[in-house]
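Both chains are sitting in their own frames, so use the hints and assemble them into the complex.
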Amino acid sequence: MSNQIEVPELGFLALLRYAWRQLTSMRTALILLMLMGVAAIPGSLIPQRITNQIAVRDLFASNPELAKWYDRFSLFDVYGSPWFSSIYILLFISLIGCVLPRTVEHYKAMRAQPPATPKNLSRLEHHQEFAGNSESLERAALWFKKNRFRVRVEGNSISAEKGFLRETGNLLFHLSLILILVGVSFGSLFGMRGEAIVSSGERFINVATSYDTLSFGKLTGEKSLSPFEIKLDRFLGEYDPKTNAPKDYTAWVTIKDGEKTYKKEIKVNKPLTFGNTRVYLQANGYSPVVTVRDSQGNVALQGPIPFLPQDGNLRSIGAIKVPDAEPQIGFVSSFVPTNARSNGQGAISIFPELLDPKLLFSIWKGDLGLDSGVPQSVYRIDTSKLEKVGLGSVKPGETFTYPEGSITLETVVPWINLQVVKDPGKSYALIGGIVAVLGLLSSLYGRRRRIWVRITSDGVEVAGLAKNSAPGLEAEIQNFVRAIKGEK
Amino acid sequence: MQTTWAYISNYFVYSAMAVFTISFIAHAFETAFAVRAPEVADTTDGNLLVKTLDYKRTEKTARIATAMMILGFILLLVGIVARGISNGHVPWGNMYEFSITGALAFTGAYLAALRKYDLRWLGLFVSISVLLTLGTAITLLYRNSAPLVPALKSTWLVIHVMAAIISGGVFLLANVVAGAYLYLERVEARGPRPLWLQRVPSLEVLDQLSYRLVAFVFPLWTFAVIAGAIWAESAWGRYWGWDPKETWAFITWVAYAAYLHARVTVGWRGRRAAWLCIFAGSTFLFNYVYVNVWGTGKHTYSGL
Numbered sequence: 001m002s003n004q005i006e007v008p009e010l011g012f013l014a015l016l017r018y019a020w021r022q023l024t025s026m027r028t029a030l031i032l033l034m035l036m037g038v039a040a041i042p043g044s045l046i047p048q049r050i051t052n053q054i055a056v057r058d059l060f061a062s063n064p065e066l067a068k069w070y071d072r073f074s075l076f077d078v079y080g081s082p083w084f085s086s087i088y089i090l091l092f093i094s095l096i097g098c099v100l101p102r103t104v105e106h107y108k109a110m111r112a113q114p115p116a117t118p119k120n121l122s123r124l125e126h127h128q129e130f131a132g133n134s135e136s137l138e139r140a141a142l143w144f145k146k147n148r149f150r151v152r153v154e155g156n157s158i159s160a161e162k163g164f165l166r167e168t169g170n171l172l173f174h175l176s177l178i179l180i181l182v183g184v185s186f187g188s189l190f191g192m193r194g195e196a197i198v199s200s201g202e203r204f205i206n207v208a209t210s211y212d213t214l215s216f217g218k219l220t221g222e223k224s225l226s227p228f229e230i231k232l233d234r235f236l237g238e239y240d241p242k243t244n245a246p247k248d249y250t251a252w253v254t255i256k257d258g259e260k261t262y263k264k265e266i267k268v269n270k271p272l273t274f275g276n277t278r279v280y281l282q283a284n285g286y287s288p289v290v291t292v293r294d295s296q297g298n299v300a301l302q303g304p305i306p307f308l309p310q311d312g313n314l315r316s317i318g319a320i321k322v323p324d325a326e327p328q329i330g331f332v333s334s335f336v337p338t339n340a341r342s343n344g345q346g347a348i349s350i351f352p353e354l355l356d357p358k359l360l361f362s363i364w365k366g367d368l369g370l371d372s373g374v375p376q377s378v379y380r381i382d383t384s385k386l387e388k389v390g391l392g393s394v395k396p397g398e399t400f401t402y403p404e405g406s407i408t409l410e411t412v413v414p415w416i417n418l419q420v421v422k423d424p425g426k427s428y429a430l431i432g433g434i435v436a437v438l439g440l441l442s443s444l445y446g447r448r449r450r451i452w453v454r455i456t457s458d459g460v461e462v463a464g465l466a467k468n469s470a471p472g473l474e475a476e477i478q479n480f481v482r483a484i485k486g487e488k
Numbered sequence: 001m002q003t004t005w006a007y008i009s010n011y012f013v014y015s016a017m018a019v020f021t022i023s024f025i026a027h028a029f030e031t032a033f034a035v036r037a038p039e040v041a042d043t044t045d046g047n048l049l050v051k052t053l054d055y056k057r058t059e060k061t062a063r064i065a066t067a068m069m070i071l072g073f074i075l076l077l078v079g080i081v082a083r084g085i086s087n088g089h090v091p092w093g094n095m096y097e098f099s100i101t102g103a104l105a106f107t108g109a110y111l112a113a114l115r116k117y118d119l120r121w122l123g124l125f126v127s128i129s130v131l132l133t134l135g136t137a138i139t140l141l142y143r144n145s146a147p148l149v150p151a152l153k154s155t156w157l158v159i160h161v162m163a164a165i166i167s168g169g170v171f172l173l174a175n176v177v178a179g180a181y182l183y184l185e186r187v188e189a190r191g192p193r194p195l196w197l198q199r200v201p202s203l204e205v206l207d208q209l210s211y212r213l214v215a216f217v218f219p220l221w222t223f224a225v226i227a228g229a230i231w232a233e234s235a236w237g238r239y240w241g242w243d244p245k246e247t248w249a250f251i252t253w254v255a256y257a258a259y260l261h262a263r264v265t266v267g268w269r270g271r272r273a274a275w276l277c278i279f280a281g282s283t284f285l286f287n288y289v290y291v292n293v294w295g296t297g298k299h300t301y302s303g304l
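Going down the list, the sequences are from chains E and L. Numbering follows our numbering, in which position 300 of the first sequence is assigned residue number 300; successive positions increment by one, without gaps. Numbering follows our numbering, in which position 73 of the second sequence is assigned residue number 73; successive positions increment by one, without gaps.
Among the clues, some could well be false.
[To be verified] Some chain E residues close to chain L (C-beta under 8 Å, calculated; not the full set):
1. A40
2. I46
3. Q48
4. I50
5. P246
6. L272
7. Q282
8. A429
9. V435
[Stated by the list, open to error] Listed below are the simulated SDA-like cross-link pairs for lysine to any residue, each with C-alpha atoms no more than 20 Å apart in a straight line:
10. E/K231 to E/G201
11. L/K153 to E/P241
12. E/K270 to L/L124
13. E/K223 to E/G194
14. E/K247 to L/V90
15. E/K270 to L/I159
16. L/K153 to L/G88
17. L/K153 to E/G194
18. L/K60 to L/L124
[To be verified] Facing chain E, according to a computed beta carbon distance under 8 Å, are these residues of chain L, among others:
19. L132
20. T133
21. A146
22. K153
23. P219
24. T222
25. I226
26. A235
27. R238
28. G241
29. D243
30. T247
31. I251
32. A257
33. T265
Calculated from the structure, these hints are not laboratory results. By construction, the Cβ of each residue, glycine as well, lies at the ideal position given by its N, Cα and C atoms.
With the rest of the complex left out, here is chain L (with noise of 0.2 Å):
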């Protein structure tokens, strides 16, 4: 029963992954056919004459490419509850669930910004970024099903586990914007943009987007290492101990506070903003794969 739920797991991940890969070539075709300018039609604005591009042709692949990435995130979901009820316990007892709960996590803040803003020339991005996490988990961090060991047996699990996942996805993707940003940047300090990049929003757009992205998930992540620390005082009895995860949680929390001081009361703007974003998140994603793989401490478990 067990093992029949832990394969119907593994059908649905690599379902997921065949669907992320149609929504990627989706995006690809997409972007191509954009650069090859489809249909340039001329207006007049006053005196100006100007080129825009008609995008109703790519505009149908455009939402096959966000209908592919809605059903992967469902597949991947439903393979992520079926580990879960496979194991007896919430998926995030190895690096291969959190991994796997990590792409569904970075996949669903795409989705979920993807409702208030158009970022669908980010998609290229979110499903190789995606399909390469799956890759990866699947092969190389893969774990067959097993019960928690006892410091996991909590709560505060599913609690401070979720906070961090959820915290981790949404970092991840305002530093995909803010990377776009400093790309767009130097496009734009060349000359005009391309055609191919006219539909990516303004420059001010994506730096307030990026600041939005980390100013409404850093409570969450402030919670996530509060939830870590309570969970920690109840097994292992500290609540703070140094250890190499916490001391990384703690230098990515205190590297998006200087950002958010830095953006709001001192005034960075643009450039230098999204580099301290990036920053950020990169201690993040550091201290994910560092410290699991490389790291010792508390938070090394089972293999990985």
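Isolated chain E, as found in the complex (with noise of 0.2 Å):
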């Protein structure tokens, strides 16, 4: 916290001193505060993995040489990146390092007397003097006392202060700032992150295999999710009928944890919580029920395939895979929900609910690429080696024939995204941006102030001076003296 820059004498613990003085020194702070500000600039601009993955790829595949640059120097990860890292690494050690001899300053200063009282009481500021006696000097000591300052009183005069909250509180913030880091830090060391898709009628078991995707911290694994289970019993999405906007979404639940079994509506704003697991109810689509059949009648697919919304209206695409069939059947497939005839580009949507659903398809046949071991999107299908055999169309209840066998489209149910986060360091984030905000509070509102006041032969002698010049000292030491003089 020293502003002067020392020059450093030879030697290596001289060195080390020397370097520490300098990080430490509210200049450099200041240097690495506004450098974190500006290192935060480029991923706002630059698509993020941790925000927009398709953005990233989409840039790699436009433009992969541009695409490569960004990625040498982690633009593409800007707040794990090892600069942007280190900037609030040093910051913060810095900040540790002014901190904490502040605080042992200042709680010394709190136990300390205040200063004795001048002697020359006429060379400060707001300086008056009037007559009066020894009675003034008890009056002034009630006022001090009712007014809570922390006093000295030496013979004749009294030296009073006020204000420590201002330091304390200044403090305070920075240190809840450092418990923020480490509730962070804390949160991704030993969190995890997953989603899963589930259909309307289907249970959820929090088990890593249940997840589509599924992510944790480096301290943490697959032992530490939560035993339990979340059946989706209904789902409910309102749509505004006339800008088609939604309005409310509602999952209604029947959760099974450890003994207890319970049910539970999830909202977008009204997650569930599990200790410090919760699930959030993230994204919502249609899964239609299908029951395919090969050429004999033998089933060889039923249930729910969930689909990918692609726009306000709930225009979805999936794919409806039959490994089973003999030989391998793919439907490529979109869904409306309100079912519109449109020229040329398919089937679209005209309101996101189930008001005239339809499901529409090309059906392909031969090896599917299931087993290839290549990661296949659950959405697409790739058709480059399959051959097709028709076109068709279904409404809920119909059936549609084909050479090779049929598809019934049974019903239509919802799915949801739920998001299952454990983020076991957010309370202390929590509670570290609540001191912050206080900590500021009296930081910034607080006044630090003393008053002296002195009985001379001539009579009563008053004197202030505000730290850092805060307005009001002159209002309150007009108060103070019409006390004094027992003026009420």
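Below, the structure written as structure tokens:
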């Protein structure tokens, strides 16, 4: 926290001390602070892997050379990059180096008595003289006590001080920033985050295999998943008939948590909570429930197939893959909840609710490539090695027959995307945040000031001093003087 | 019923614009009148002959200008409340609604500061900025009243957005004051102030004022960011995700933190401090305009 730059002496220890002083100097802290602000900018202009993985992939496809260079400088992962981390780590070291000594100093100052009354009060601000006697001093002491000043009584004078909350708040604020950082790191080391699609009527069991995507912090793993089950009983998406915009999403679920079984409701702003794991309703769509039969009429596939929404009216695309049929069959499909005829570009949906649902598909036969080991999208089929068998569409209850078999659209159920997040650090971050605001309030609105009063042979002398030239001392001294004079 | 309230809201916003126009003209008239130096009185201060302006005649205009500003504030407030009634929720669902509320917060910050400091010289600038904001809002950004999307259905909408809008209004006012500082500093470097600038407070007062405004509202901005984080935790499953809006809120926060440190601990004053203040305020504006209009991320809803 020292402002002066000292010329280093020779020697390793001296050099270390010099480096430490430089790092913890206010100037360095200020530069680091500004640097951190500047360093955060590229992350908002260049797509980030943590927020927009698709855009990153697109950039790699459209401009591989640029993307490679971006990637070399971690510009797709700015907030986890070595350069961003080193800035904030240095900043926090600097902050600790600044705040800890100040905390000790402040603690000592709080326990020490206020400094003695200066000899010559007339040279200080707000100086006043008026008639009075020893009773005035008693009244002054009373006023100080009532207004919670810390006082030092010395014979015929009192030195009083108030406003330590300013520095206390300042220190608490900076310490709380450390707590927030601890909370964030704790959460990322011991947390987990995963997503799973659950169709209406299905059950989600919190084990690794139930997830579509799942990632763990560095110091935790699959064993940390808390044992609970969620069955999706019903989901309702309500939409505004005028604008087609969503109004409300509600999922009704049955939860099995250990011995207990109970029913609950999930909404977008109302996640489920299991200890420090929370389950969020993050997205939704439709799953056509289909039955696919082979030419002999044996059921080759039956169940809900989640489709991926493409627009606000939930026109969705999906792939129905039937590996158990002979030959294997795939349906490249789209689904519309409210069907409308369109010219040229296939079916479109004109409303997101199930008013006139329709499933449209092209049928392909051949090897679906599911055993090739190459990961495939569940929503798409690579048709390059397949042979087209036909085109068709069905509404609920209808069956479409083709030479190799038939497909029936039994019904359509909604699916929801559950996001499961475990963040054991967030309560620390929250406490840090609350303390930060309180600390800021008392540090920016607090006023540290001293008031002195002395009885002389001529009468009473009063003076005051406000640190950081904070306003309001003058009025306070007027009050004080009135109290001494006994004017109420 | 819903539509009626929306119409009422629009009428009030339009009336507020008319009244702000009158206020703008009155402010302009007052400034212009002061340039033409109404009644110059010569007084002697010691041996020095001092020319002072007599503002008795422009004072009346200035009062009308301020009165119109207050009336405009009230009309706009009613317009925003009516918009809320027509929506059935607080009117902070799209950029049109943010903009008119932002204009209200800016006017409010000016009027509140006016109670303590004589800032009427700023009125010309304040009224024209508010007019431009409202004009842009109602012509380019206007959207029909609509229900909130599910992610916005939360008490935090009121808390988070209100804190952010008020902070924004005060930040921008601090920017205007810092801008005035920089302008006046250049004027003074060339010689004594021209007559029409003599009423503007001294450089020290401006310097101090922009700092006071920032120091006053910085805790509120911190609160707005934290309230946003708490809300994000319950709506999106994480309290901080470096969404573009979050990133720029963070940058604004860091910039103002740097400004406060530069002033309080390093002792920056004057020009350097004013530039830093303007830079910090620009990050706020950039966040509002760029991220809402061209940005991607979770803070972009409902068209705009």
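Unsatisfied constraints (hint numbers, rising) = Per hint list: 2, 6, 9, 12, 17, 19, 20 violated.
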